[in-house]
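Engineer: Residue-level listing of the chains:
There are 2 protein chains.
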Amino acid sequence: MTLHPPSSLPILYSFYRSSCAWRVRLGLHLKNIPFEIRPINLLTEENKSAEYKAIQPFGAVPAFLEANSQGPALVESVAILEYLDETRPEFPLLPKDPSGRAMVRALVEAIAMDIQPVCQMRVLKYIGKDKEADWVSHFFKEGFAALEKLLEKTAGKYSYGDSITMADLLLVPQFYNGVRFAVDMSAYPIISRINSELETIPAFQAAHPTKQPDCPPELR
Amino acid sequence: MTLHPPSSLPILYSFYRSSCAWRVRLGLHLKNIPFEIRPINLLTEENKSAEYKAIQPFGAVPAFLEANSQGPALVESVAILEYLDETRPEFPLLPKDPSGRAMVRALVEAIAMDIQPVCQMRVLKYIGKDKEADWVSHFFKEGFAALEKLLEKTAGKYSYGDSITMADLLLVPQFYNGVRFAVDMSAYPIISRINSELETIPAFQAAHPTKQPDCPPELR
Numbered sequence: 001m002t003l004h005p006p007s008s009l010p011i012l013y014s015f016y017r018s019s020c021a022w023r024v025r026l027g028l029h030l031k032n033i034p035f036e037i038r039p040i041n042l043l044t045e046e047n048k049s050a051e052y053k054a055i056q057p058f059g060a061v062p063a064f065l066e067a068n069s070q071g072p073a074l075v076e077s078v079a080i081l082e083y084l085d086e087t088r089p090e091f092p093l094l095p096k097d098p099s100g101r102a103m104v105r106a107l108v109e110a111i112a113m114d115i116q117p118v119c120q121m122r123v124l125k126y127i128g129k130d131k132e133a134d135w136v137s138h139f140f141k142e143g144f145a146a147l148e149k150l151l152e153k154t155a156g157k158y159s160y161g162d163s164i165t166m167a168d169l170l171l172v173p174q175f176y177n178g179v180r181f182a183v184d185m186s187a188y189p190i191i192s193r194i195n196s197e198l199e200t201i202p203a204f205q206a207a208h209p210t211k212q213p214d215c216p217p218e219l220r
Numbered sequence: 001m002t003l004h005p006p007s008s009l010p011i012l013y014s015f016y017r018s019s020c021a022w023r024v025r026l027g028l029h030l031k032n033i034p035f036e037i038r039p040i041n042l043l044t045e046e047n048k049s050a051e052y053k054a055i056q057p058f059g060a061v062p063a064f065l066e067a068n069s070q071g072p073a074l075v076e077s078v079a080i081l082e083y084l085d086e087t088r089p090e091f092p093l094l095p096k097d098p099s100g101r102a103m104v105r106a107l108v109e110a111i112a113m114d115i116q117p118v119c120q121m122r123v124l125k126y127i128g129k130d131k132e133a134d135w136v137s138h139f140f141k142e143g144f145a146a147l148e149k150l151l152e153k154t155a156g157k158y159s160y161g162d163s164i165t166m167a168d169l170l171l172v173p174q175f176y177n178g179v180r181f182a183v184d185m186s187a188y189p190i191i192s193r194i195n196s197e198l199e200t201i202p203a204f205q206a207a208h209p210t211k212q213p214d215c216p217p218e219l220r
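Protein chains in written order, with full-length UniProt numbering: chain A, 1 to 220; chain B, 1 to 220.
Keep in mind the hints are simulated off the structure, nothing from the lab.
If you're wondering where the values come from, they're calculated on a predicted model, not measured in any experiment.
A hint or two may mislead.
Capping the alpha-carbon separation at 30 Å, the derived lysine-lysine pairs in DSSO-like fashion look like this [unchecked claim]:
| hint | chain 1 | residue 1 | chain 2 | residue 2 |
| --- | --- | --- | --- | --- |
| 1 | A | K53 | A | K211 |
| 2 | A | K48 | B | K131 |
| 3 | B | K129 | A | K125 |
| 4 | A | K129 | B | K141 |
If we take Cβ atoms under 7 Å as the criterion, some of the chain A residues that face chain B in the derived model are [claimed, not checked]:
| hint | residue |
| --- | --- |
| 5 | Y83 |
| 6 | E109 |
| 7 | A112 |
| 8 | M113 |
| 9 | K129 |
| 10 | A133 |
| 11 | L219 |
Even for Gly, the Cβ is constructed at its ideal location relative to N, Cα and C.
With the hints as extra help, turn the sequences into a complete structure.
Structural biologist: What follows is the structure, encoded as structure tokens:
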């Protein structure tokens with residue numbers, strides 16, 4: 001596969017199951033930005049190839065390239081979402097007032113810094129298959145409990161009031177990973193309720209791992 | 001200690017050695033915002049007291065309260081820095097153009113999501129003292145190598161060009177932790193050079209752990 005040639009559409013380098021790529025897919029779909037997906041297979045370590053590292057220097061997904069751009073690609077999921085929100089203000093992902101923005105960003109960090117990194121693939125590889133379940137259970141429970149506490153103060157229909165915000169784009173992929181690792185998500189009623197609300201929305205359906213071109217057929 | 005009463009100054013709930021509290025101290029000092037420090041001792045688990053959890057619902061530092069505010073406090077370090085930058089535009093922590101902002105935020109995330117969380121205190125407690133050194137060495141090396149790769153493209157005198165940005169506020173505390181855990185930081189020449197530059201700046205000296213009211217006298 002040739003990863004480099006520019007496209008007349010923005011390009012998202014993505015892996016169907018990566019929660020970080022999923023966040024950005026959600027942003028693109030919600031903002032109705034046409035884009036081209038270029039799948040990078042984390043399981044075969046395509047992300048560690050020299051070709052991909054020329055795009056993303058340390059081999060992580062997602063990476064984002066504007067239409068007809070020679071790069072450098074934008075990297076790191078929340079940085080890309082902030083960029084999309086600054087360059088495409090339609091369907092804003094953050095409220096207008098600084099306190100509201102700080103609340104939404106705190107929810108984002110409670111997932112992006114306090115839950116996801118400790119249980120990501122490269123950490124679990126190091127932990128080892130035999131200890132993986134206990135590890136994930138411990139840190140997911142701690143993390144989801146903290147997030148639920150924050151949501152007690154901020155949630156309406158969605159994570160922050162009644163409009164979709166950046167926090168919701170992180171909540172859904174993290175919820176999916178909770179289920180994937182057999183965490184009892186009913187222990188977090190606000191998180192669960194918001195996730196159910198969001199699942200009904202077309203942009204959230206389009207960004208789902210099972211709808212991605214690189215999703216194995218047996219999982220669709 | 002009574003943590004609640006409002007102050008005529010903004011309040012930062014901080015622990016001298018917490019890299020996340022340190023980031024916010026740096027933002028406050030650089031922007032020349034007078035503030036009151038209220039130390040929260042993570043070693044005695046003061047952060048898990050009901051009194052502190054009324055301020056920060058899951059007991060993490062930092063938390064930030066505006067002057068004369070009854071709350072809720074702002075939580076999560078990068079969310080607080082973004083808030084300070086939006087409410088106090090003097091000494092901006094992000095460049096003006098969206099691509100530049102995305103680059104700085106990518107550097108921020110490369111530290112805040114890819115290095116710090118995997119080696120924070122609550123993770124190391126779970127890992128256990130006997131395995132701590134190997135764990136930290138593995139993930140710090142992986143994380144600093146990735147950061148160094150990004151900096152090859154962005155660094156000038158500082159992390160992004162020749163002006164101090166939010167990325168620098170995260171780099172310095174993370175460098176300190178690298179040294180604390182005996183990582184050979186000379187393997188990352190750009191990170192090391194930028195850290196040395198920043199250490200000479202008064203705001204960086206004022207925010208240092210050894211200058212904090214809760215730093216044990218023997219470490220000053």
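Engineer: Decide if the proposed pair is consistent with the structure: K129/B and K125/A, CA atoms, cutoff 30 Å inclusive.
Structural biologist: Answer holds: K129/B to K125/A is near 21 Å, not above 30 Å.
Engineer: Straight-line Cα separation of K53/A and K211/A no greater than 30 Å?
Structural biologist: Distance ~26 Å between K53/A and K211/A Cα, so the pair holds.
Engineer: If you take the shortest Cβ to Cβ gap from A133/A to chain B, is it below 7 Å?
Structural biologist: Cβ of A133/A sits 14 Å from chain B, so the hint is violated.
Engineer: Tell me if A112/A is really an interface residue toward chain B, meaning its C-beta lies closer than 7 Å to one of theirs.
Structural biologist: holds (6 Å)
Engineer: Restraint: M113/A near chain B, CB-CB cut 7 Å. Satisfied or not?
Structural biologist: holds (5 Å)
Engineer: Between K129/A and K141/B, is the straight-line Cα distance small enough, at 30 Å or below?
Structural biologist: Holds - the C-alpha atoms of K141/B and K129/A are around 23 Å apart, at most 30 Å.
Engineer: Quick check on Y83/A please, does its C-beta sit within 7 Å of some C-beta on chain B?
Structural biologist: With a minimum Cβ separation of about 4 Å from chain B (threshold 7 Å), the hint on Y83/A holds.
Engineer: Quick one, are K48/A and K131/B close enough, alpha carbons at most 30 Å?
Structural biologist: The hint holds at about 27 Å.
Engineer: Can you verify the interface hint for L219/A: is its Cβ closer than 7 Å to any Cβ in chain B?
Structural biologist: violated (27 Å)
Engineer: Was the hint right that K129/A lines chain B, CB cutoff 7 Å?
Structural biologist: violated (17 Å)
Engineer: If you take the shortest Cβ to Cβ gap from E109/A to chain B, is it below 7 Å?
Structural biologist: holds (4 Å)
Checked against the numbered hints given earlier, this structure breaks hints 9, 10 and 11; the rest are met.
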